[in-house]
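Number of protein chains: 2
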Amino acid sequence: MPLPQTEMPGRLQAHFAERGIRMTQQRRAILRVMETATKHLDAAQLLRKAQKLDASVDRSTVYRTLQLLKRHGLIDELDLMHIHGEGHYYERKLNRDHIHMACLRCGKIMEFVSDIFEKLKGQVEKDCRFRIVVSRLEIGGYCAGCRGAK
Amino acid sequence: MPLPQTEMPGRLQAHFAERGIRMTQQRRAILRVMETATKHLDAAQLLRKAQKLDASVDRSTVYRTLQLLKRHGLIDELDLMHIHGEGHYYERKLNRDHIHMACLRCGKIMEFVSDIFEKLKGQVEKDCRFRIVVSRLEIGGYCAGCRGAK
DNA sequence: GATTCAGTTGCAAACGAGTCGCAACTATAG
DNA sequence: CTATAGTTGCGACTCGTTTGCAACTGAATC
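Chains as they are written, first to last, in the numbering used here: chain X, 210 to 359; chain B, 210 to 359.
FYI, nobody ran anything at the bench for these hints, they're computed from the structure.
Be careful, since some hints might not be right.
All copies of an identical chain are treated as equivalent in the list; a pair is satisfied when it fits inside any one copy or across any two copies.
Said to hold, decoys possible - Simulated pairs of lysine-lysine, DSSO-like, Cα-Cα distance not exceeding 30 Å:
{"hint": "1", "residue 1": "Lys261", "residue 2": "Lys328"}
{"hint": "2", "residue 1": "Lys248", "residue 2": "Lys335"}
{"hint": "3", "residue 1": "Lys330", "residue 2": "Lys317"}
{"hint": "4", "residue 1": "Lys328", "residue 2": "Lys258"}
{"hint": "5", "residue 1": "Lys317", "residue 2": "Lys335"}
Using the sequences provided together with the hints, build the complete structure.
Structure (structure tokens):
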């Protein structure tokens, strides 16, 4: 299930340059992993993959870089309904928000883009006079394949 | 900001009886706290309040009871955008799902019920052939009062 | 290219939320 | 009243994440 690639690899690095954020060997490795990831990664997976590019990358640097990316609104943080433990998953923020669905039986993660979701956010902004910065809709349930069984 | 009280206090206890779940002193205290809570509680707050009703209540019993309530679909688990740390918050599941909005500046939590949200869930069920069991929409941003400032 | 220094790093220790194994206890059915 | 399956408190533990600190380094300036 490849993520939609609506942005070029290298864009995260470009964002850093634009904003005058210092680029280091370690950050380059971590950003490259985020840019080329084809699925949602947690911090441990991100660390392992980044260490293949630069063996010196440390766990704490991964966490610090994730905070940095979050603060700049370049990634989204997900729970995926805590299907695999208490940790978090990360993905690059792309043009359009999407919904995450997690199958409680087979663990599959699905994504879904919806105009109704955009409309809902518009309603919240208008009716609640609330300025939305980040939104997260996660759904747990049973996917088409698992609905029949159990 | 009181939660909508569309169910009577005592309903959680009634659910337990209906389903033949054993009722203990400690559970009675914990359920009573959940039933009368006027805001979202985390496990530590729930423990403190429950201990005022029954001093013997232990942390692990609180967690075990929360798992039980979750498994029976009687409570919802929230992150509230991790505004106050990594823990979780709990609230009784009421008739209608609602959206949670967290102000990134003042920390206020707001709730919002929307037909469009119901419609969106309907779309997911239909278009993705996905049977929804639990859903969570959390939004971070700036509330009406804080939008001007900063 | 050398100098400078704020920003960044690895390390190890600490943290907080949540879980678990176990022996003692207790709510409920018979 | 008894039997027993379910529940409890306790303490030790796991796991994801954060922190303080001394050493290092990117990049701006000369």
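Status of each hint after checking the structure:
1. Lys261 to Lys328: So lysine 261 and lysine 328 fail the 30 Å test inside a copy (42 Å) and across (45 Å) alike.
2. Lys248 to Lys335: between (34 Å within a copy, 25 Å between copies)
3. Lys330 to Lys317: both (26 Å within a copy, 18 Å between copies)
4. Lys328 to Lys258: neither (38 Å within a copy, 40 Å between copies)
5. Lys317 to Lys335: between (35 Å within a copy, 18 Å between copies)
The earlier numbered hints that this structure contradicts are 1, 4.
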